[in-house]
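There are 2 protein chains.
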Amino acid sequence: MKLLNLVLMLLFFVAIANAQKIMGFTDANAAKQIDWEKQFDAQLNAKNQDTWMQFLSSHPHHVGSPQDKANAEFMAKLFQSWCYQTEIVSYYVLFPTPKTRLLELLGSKPFKAKLEEPTLKEDKTSGQKTEQLPSYNAYSADGDVTAELVFVNHGIPADYEELEQMGIDVKGKIVIAKYGGSWRGIKPKVAAEHGAIGCLIYSDPEDDGYARGDVYPEGAFRPKNGVQRGSVMDMPLYPGDPLTPGVGATKDAKRLDRNDAITIMKIPVLPISYEDALPLLQSLGGQVVPVSWRGALPITYHVGPGKDKVHLKLQFNWDIKPLYNVIAKLPGSELPDEWIIRGNHHDAWVNGADDPISGIVSELDEARAIGELAKKGFKLKRTLVYCAWDGEEPGVIGSTEWTEDHQNELRKKAVFYLNTDANSRGFISAAGSHTLEPFFNEIANDVMDPQTGVSIKERKYASDMVTADKTARVKMSGNKNIKLGALGAGSDWSGFLQFLGIASLNLGFGGEGQGGEYHSIYDSYDHFIKFKDPGFQYGIALSKTAGRAMMRMANADVLPFDVNSFYKTLAGYVTELKTLLDNTRTETDQENNMIRDKLYDLAKDPTKTYQAPKMKDEVPYLNFSDLENAMEQLKNSTGEFQKQYGSATRLPIDKQMELNGILYKVERSLINEKGLPRRPWYKHQIYAPGYYTGYGVKTLPGIREAIDQRNWKEAQENIGIVSRTLENYTQQVRQAMNIVTR
Amino acid sequence: MKLLNLVLMLLFFVAIANAQKIMGFTDANAAKQIDWEKQFDAQLNAKNQDTWMQFLSSHPHHVGSPQDKANAEFMAKLFQSWCYQTEIVSYYVLFPTPKTRLLELLGSKPFKAKLEEPTLKEDKTSGQKTEQLPSYNAYSADGDVTAELVFVNHGIPADYEELEQMGIDVKGKIVIAKYGGSWRGIKPKVAAEHGAIGCLIYSDPEDDGYARGDVYPEGAFRPKNGVQRGSVMDMPLYPGDPLTPGVGATKDAKRLDRNDAITIMKIPVLPISYEDALPLLQSLGGQVVPVSWRGALPITYHVGPGKDKVHLKLQFNWDIKPLYNVIAKLPGSELPDEWIIRGNHHDAWVNGADDPISGIVSELDEARAIGELAKKGFKLKRTLVYCAWDGEEPGVIGSTEWTEDHQNELRKKAVFYLNTDANSRGFISAAGSHTLEPFFNEIANDVMDPQTGVSIKERKYASDMVTADKTARVKMSGNKNIKLGALGAGSDWSGFLQFLGIASLNLGFGGEGQGGEYHSIYDSYDHFIKFKDPGFQYGIALSKTAGRAMMRMANADVLPFDVNSFYKTLAGYVTELKTLLDNTRTETDQENNMIRDKLYDLAKDPTKTYQAPKMKDEVPYLNFSDLENAMEQLKNSTGEFQKQYGSATRLPIDKQMELNGILYKVERSLINEKGLPRRPWYKHQIYAPGYYTGYGVKTLPGIREAIDQRNWKEAQENIGIVSRTLENYTQQVRQAMNIVTR
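Chains A and B are the protein sequences, given in the same order.
In short: position in the first sequence from 1, add 75, done, that's our numbering.
In short: position in the second sequence from 1, add 75, done, that's our numbering.
Source of the hints: derived by calculation from the structure; they are not laboratory data.
Predicted, not measured: the structure shown is a model, and the values here were computed from it.
From the three backbone atoms N, C-alpha and C, an ideal C-beta is built for every residue, glycine too.
Some hints here could point you the wrong way.
[Unchecked claim] Here chain A is said to cover these stretches of chain B; the calculated rule only asks that three of the stretch's residues, wherever they fall, bring their Cβ under 8 Å from a Cβ of chain A: (1) 279-286; (2) 369-375; (3) 391-401; (4) 540-550; (5) 654-666.
If we strip away everything but chain A, and leave its shape as in the complex, we get:
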């Protein structure tokens, strides 16, 4: 008997030791949660995702189209059927569509661009010509321009430095840029800053066409006539409706005059296929491009200008169109005023099977499964808010207007925002607020990869190791922690994270789904099930991953934010900044010396036009002490708090509530209401889209971009601003610490 007792006791301890823990949960609650998660997994159904995708991508469903509204209503009905409190929230936004599109090469070998994606018999929806939006860049200016053409590579600032050295000025010219190297909206913006009067953007087959693989319909990649549509709204200034910055575009909102809307491009811009680009590029004379500028067309790429001029005429209908956001709530049983928000957009440029329907069907299935669990008695403490956003494609409009419209309520209630978008076969990728990194990694450890049976975290690690170079491997080896990327722009988190300071996460699978369908009529159901995620196995994996995040965040006893993880990431950014400044100084000195020693003039080929770079101002040493002191306090406070975090689940319930109230608002203290220099809408002091990169994030943007722009005074000022921001953050952490320890 005694032996049996001992064995039982041992088994009990083994069970306890083996019992899976969840961050922020008591052991007992964790066990229950994990049980529900298993039932949740069992509820998910690839057939649903398939069926819904067939409907939602059956017709073009851009903003203002009948199918856009029909889709919103379809989804609202689904949410209602799963017992969500559902509404369709509408906004009225500026959404230009093309009236005239003309592009021609004049001169001895005249050519008129087709600007047309042909119907393919292998792609059922590609023939819906009357419903499709033609290929265009939304928020291009109206214009009718005729000028010489210049090839500007990606059309980013560094390319114009090279052009200057080649003696090429784009003033009064039309430029042609390749897609890639930056978000597309940067290209016409920088072109206009340099005096160009028109901009063409084309998909080079090197990056997006036959060089990558066989083209559609034989393979997945962009065919010669495929065109990447897309917005060129100047989103790094502010996203959303250009006429209502900072407020919801309700029916009676006060609107700017269109001429005062600074996010509308100043020059006409048109995206074209590589078939249409070929004769234009062939017409160019001038110097041969630098090696890194070459594409995969079978020509010698020249910078231009060409002898023959190009004529570009664009006119748009500048209409106000309604948006339909679907907002579906499952009220929390204990903390209904703490919101766990989930979103994916539903509007597309054309049929958008991958972008965004693959994401939204995964979200729908996830919401349905949770609804099913709720019917079986699964209670969630906090309120779930499932959103299907409209108007993401033209400029993250639906989510931005909603967050602007509901900003006061969201500041109070929003705990967390989880975003997804297009999804396909492959590896998990995650970016977001770094307080969420341990929370996310715990989930990534619990979701199995459908193709290999190991966790999505293990598979991500395997992929990172195999694709890394030899040096990086040695550094990474054994560290399976998935480092969260930082969020710039590109999808619906902007209003939540960067305008309101709500901790956010963006998730998606990819890397094995192949494609060149992006923003073309070929982003279709037929393409998706052949090349992107046949069988929707990664749609299910995404539902599992995002669903766990929603349910754990909704049910945690203590909210799973790790402020010390934020500190550690930030410390890396601060080091990066100092290195950036030091390297800028070294390189400036080096380069100025080389200019002074005339090395550029001596090395140049005298038969070619070449301007040596100009001397740059010297780089001063900046005073980082405020920031260093703030970082030291942050390190201590977050380190101490996180040590005590484990004990917080044992606090009395009112203390837990008080603690949670601080924890989910700690991200708010990273908001500075004045916003970033020259773009007050972006208020987050740690993460912002780059002024000259667009989607690409700039961390510690106030300081980093000032250094990039060699504005030393502004860099110093922003060191001060960030330091005070971090002091506020530390204050919040200390308050949290007081609750845990008192």
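Given chain A's structure and the hints, the job is docking chain B onto it.
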């Protein structure tokens, strides 16, 4: 008066201080030498170079052609007219030429390759069809094979590792490889090692065609039908006539049976144009190639095999042909048995205006100018030997046979060999024995760049700085010393340096002359004067540079070898080797761990065929102590000697002669008569062409290649061999030291 005296004295000292010094010359002799050099420069004449090029490239002049012999006789007459003792030295060597060339794609879309470079009206000599050698690879096997085709990228060993991971075996297949990534002869050799039965090599427009610039005749680059001829003799085993390794191919030399000549390729090989390659590559199925394998043809590159087979039929005339080396001597006035040797080949694949005529006309003008000085009373202590080699293109044959034939005399008399080959506009580039580095730098400081007016050394530094990346710049900044490259294979130094241990230097200008004419019918006078070196200003610059080297070496009081410079370079190589071994160990461990952890299997796309790499044997630690001890002795002895070197010009003449006798033979002590593993012809222990890179050098080849091949026992043995070699070297240096100090 006193003041005047003082002023005169001061001026005298200033003059002495400013008097230019030359390494190895007394101040007085240096002043005279510099005076002669000025007269030498004034003698050089671009018109000569132009006129001679017009004649020498007027007809195809490959081995065995009438113009080949006519050119030799033309040059011999020139040398005679400049008072050189001139002879034409003939050898009789195996030189295959095509009898049958057939390449066709069978199956549903049959295609027969043109294998023809068209006549261009803009290129006067391109129409000499009956005289041109057709496009082929010399020393290909005869063969008639029909098989599936596989694309193997550059066809080097690393590419076959990737193919294995893709599940592709080339056994029994024909492979198609891009030019580039190695010397061409490596491609069929490695293909045959992997069981392929035929090999095609094509020029991809990415590296050699329209991607680089406008094609000929509009621009300089390779047109779609242009083909790179060239030898595929297995020169890393031994260069020269395949039938007479190690001995001169005189009329009655003992010859191997052709079947026993191991440098003849085992499979048929044919070079083709990118126009001919296109349908073949398009016919390939299978996986899409890795990104780094892509070329610039407007297709998706697939690995293959294709459904349709390829038929390749090649037959050659295996004739013995005579070679005509021109050997012209200007006997030394004091030391006629110390030879300063200069060479450039004269044979071409077709008209060869650039390769090699640009080099040989510069050499001729240099020889003429020296002849003119001699007539005016300029005396050279040592004998100059000017050579114009035949048979370089098929396998460095003319020079190899001559050095083999005269090996005993050369071992005694040869002080130095200076090689040049094709030359064009741009920057000086130099490689050779590292004892010659200070000698060469002194010259590079004294020759002015024709386009900028600064020294060629200054301009080279400017170019290196401007093209370097930011990290490299910081390292290089301020150090204008031109680091000599190490010599592998590729031109006529092999017999001198690697077979006999004669200190050698290879010089040439380039980098601004553009072209895709290499080894095609378009390497013509018309191409050259438009794109390579209009006005022959760099032909003159090369004459100035090489002429100074010849005259200074011929007249030095103490020969300008710097053994400490050799030590310093060698110390870098030894460090490289240790790092190579350590990195190989780290990477092997890393990779084996990754294989053991199944990371490759987890990361792979399950829809694609993929074999994880195989585990490799562990890398042992090797005993470097012998080598380290030998290096320490070398450091001390060469350091001490070079400190005393400056005083050697004050030695009595007999001591100087004794010292010089040691100095020019010190390179001989780097020869090991047994040669390198598996290739006894290559005897130099420091420099050799890579067994699997061809032209590309491998320094400390016995050790390095054993590590590359993971043959640890052989690596250890070769550490011993090199150590003993260096001990011998140190002995020589100590003897030299004794002469200087006793």
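How does the coverage statement for the stretch 654-666 of chain B fare against chain A, requiring three or more residues with Cβ below 8 Å from a Cβ of that chain?
Three-residue rule met by the stretch 654-666 of chain B, so holds; n is 4.
Verify the coverage statement for the stretch 369-375 of chain B against chain A, using a C-beta to C-beta distance below 8 Å and requiring 3 or more qualifying residues.
n = 6 at 8 Å, threshold three: holds.
Counting residues of the stretch 540-550 of chain B with a beta carbon closer than 8 Å to any beta carbon of chain A, are there 3 or more?
holds (count 6)
Can you take a look at whether the stretch 279-286 of chain B is actually covered by chain A? Rule is 3+ residues, C-beta closer than 8 Å.
Answer holds; 3 residues pass the 8 Å Cβ test.
Can you tell me if the stretch 391-401 of chain B counts as covered by chain A, using C-beta to C-beta distances under 8 Å and a minimum of three residues?
That given contact is violated, which follows from only 0 residues of the stretch 391-401 of chain B lying within Cβ reach (below 8 Å) of chain A.
Going down the numbered hints, you'll see the structure goes against just number 3.
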